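> Each chain, written out:
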Amino acid sequence: MSFFSFGQSAEIDVVLTDAETRKKAEHKTEDGKKDKYFLFYDGETVSGKINVTLKNPGKRLEHQGIKIEFVGQIELYYDRGNHHEFVSLVKDLARPGELTQSQTFDFEFTHVEKPYETYTGQNVKLRYFLRATVSRRLNDISKEMDIVVHTLSTYPELNSSIKMEVGIEDCLHIEFEYNKSKYHLKDVIVGKIYFLLVRIKIKHMEIDIIKRETTGTGPSVYHENDTIAKYEIMDGAPVRGESIPIRLFLAGYEMTPTMRDINKKFSVRYYLNLVLIDEEERRYFKQQEITLWRKGDVVRKSMSSQATIGAQRFEGSASSESSLCNDCTVRSLVSIAL
Amino acid sequence: MSDPTVADTRRLNSKPQDLTDAYGPPSNFLEIDVYDPQTVGVGRNRFTTYEVRMRTNLPIFKLKDSIVRRRYSDFEWLKNELERDSKIVVPPLPGKALKRQLPFRGDEGIFEEAFIEERRVGLEQFINRIAGHPLAQNERCLHMFLQDESLDRNYIPGKVQPLGLTMGCGNDCFLLFSLALFPFSHLLFFH
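Protein sequence lines, in the order shown, are assigned to chains A and B.
So the first sequence is numbered by my numbering: it starts at -2 and just counts up by one.
So the second sequence is numbered by my numbering: it starts at 395 and just counts up by one.
These aren't lab readings, by the way, just hints derived from the structure by calculation.
What you are looking at is a predicted structure, and each value in this text was computed from that prediction instead of being measured.
Wrong hints could be hidden among the right ones.
What the hints assert, rightly or not - Each computed DSS-like pair below joins lysine-lysine, with the alpha-carbon atoms no more than 27 Å apart: (1) A:Lys179 x B:Lys409; (2) A:Lys198 x B:Lys490; (3) B:Lys409 x A:Lys200; (4) B:Lys553 x A:Lys198; (5) A:Lys283 x B:Lys409; (6) B:Lys490 x B:Lys473; (7) B:Lys553 x A:Lys283; (8) A:Lys283 x B:Lys481; (9) B:Lys409 x A:Lys160.
Build out the structure end to end from the sequences listed, making use of the hints.
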């Protein structure tokens, strides 16, 4: 979001030091539009300069101070007035005075903590932005620049498979298995459905991925469910002893990492919903939560000093780890680097 | 050593299927035919009955092959019993056709061949939908409707216990599904 300074006496422009080299990430805004923003990680320094350009070069600009803020905030749509700021840093750039000509001010927020991932959802959004302000008596001149923050994780130490026997007494007994409980966003869900008893006439079976956004606390908790994917895994009637494989590639779907109780304001969780449909269109389903996490991209160049500091803040160690799954080989995994 | 950045997508191991399971008769065989409409009685006391034949291998039904005669009001009775006692949303019956029962019609009214056929189809769809529903299968009224020669309207409503052995595990091994009922109706949760 940015203010257009129509009718104002000056224009502010925020430019990052590493605007040329820093990666951008796509993010869908509240109105559904996809835009690109500079991508930051936890611990990285945010530095740059602001250009204050006078509209009328001859005229002086009186001001009560110039500052720049780095803000991380959560906004609940049903309570727009109250922004919950969890990061709030400010640097004063100029004391009250006047500008006789357009001027540039440098700023640097070193090793800024960015504990949560940028998120825009159905009922809540979490954003990070820089806000440069030229304070004036009547109305301030302000410019905001949104950035996107991704939270990275390493391969979890413990990642057990999910295996369960479920059903309806005497009608349908199945055993489902998913190879992991924690998947990264470009991972593959490998699993199987084993039929132990089939006394109903099944027509087909699918797996849905459901995203549940929870806002509010106590009695006013609100869940917003969204089916992100529907993937048919079986067409036709199975019998006892049959095993149906599952292979679902997550990279094709727009998902975020699992976010639990962010600043005690909201959660975003993901569920696999196994659905069996019989010939009379009756639906039998079993929901199972999975944890999604974001894997960092592997970089073969040497790490910059910024990235080293960033890497030290990740979960788990920066060294390689092994991940076990029931039927897969043990494999060692590459360390995360920015 | 496999490339660590590419996920392992090999299938999980599974038990090979027993051949008798693979090629034997499926355990979900259930077919109900509603056919052979017969109009009985004379004058204003006429009514139509239909033969209701059920063939099944589901253990919950005592008889694997049963034939009974039922009339439209028997189907209505079953619908009411299920609406009261079971948790399912009962599908609709074909219409009561009250207009056809008024006098001075040009045709046979409810004894028109085309009408009887239309009703027969509707009744067949109705009973098949219900009998295949896991939550209706243990209702005593359904068993009486399908397999007793006549309906005892003074019966004691209740549930039927499945015959023979159920699966060998104790109840704590099974987590039950949430079962969604006929389309667009409410979800039901078992615990």
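> Take the hints in turn and mark each one as holding or not.
Status of each hint after checking the structure:
| no. | hint | in the structure |
| --- | --- | --- |
| 1 | A:Lys179 x B:Lys409 | holds, 25 Å |
| 2 | A:Lys198 x B:Lys490 | violated, 30 Å |
| 3 | B:Lys409 x A:Lys200 | holds, 23 Å |
| 4 | B:Lys553 x A:Lys198 | holds, 22 Å |
| 5 | A:Lys283 x B:Lys409 | holds, 22 Å |
| 6 | B:Lys490 x B:Lys473 | holds, 13 Å |
| 7 | B:Lys553 x A:Lys283 | holds, 26 Å |
| 8 | A:Lys283 x B:Lys481 | holds, 19 Å |
| 9 | B:Lys409 x A:Lys160 | holds, 15 Å |
Checked against the numbered hints listed earlier, the structure breaks hint 2 alone; every other hint is satisfied.
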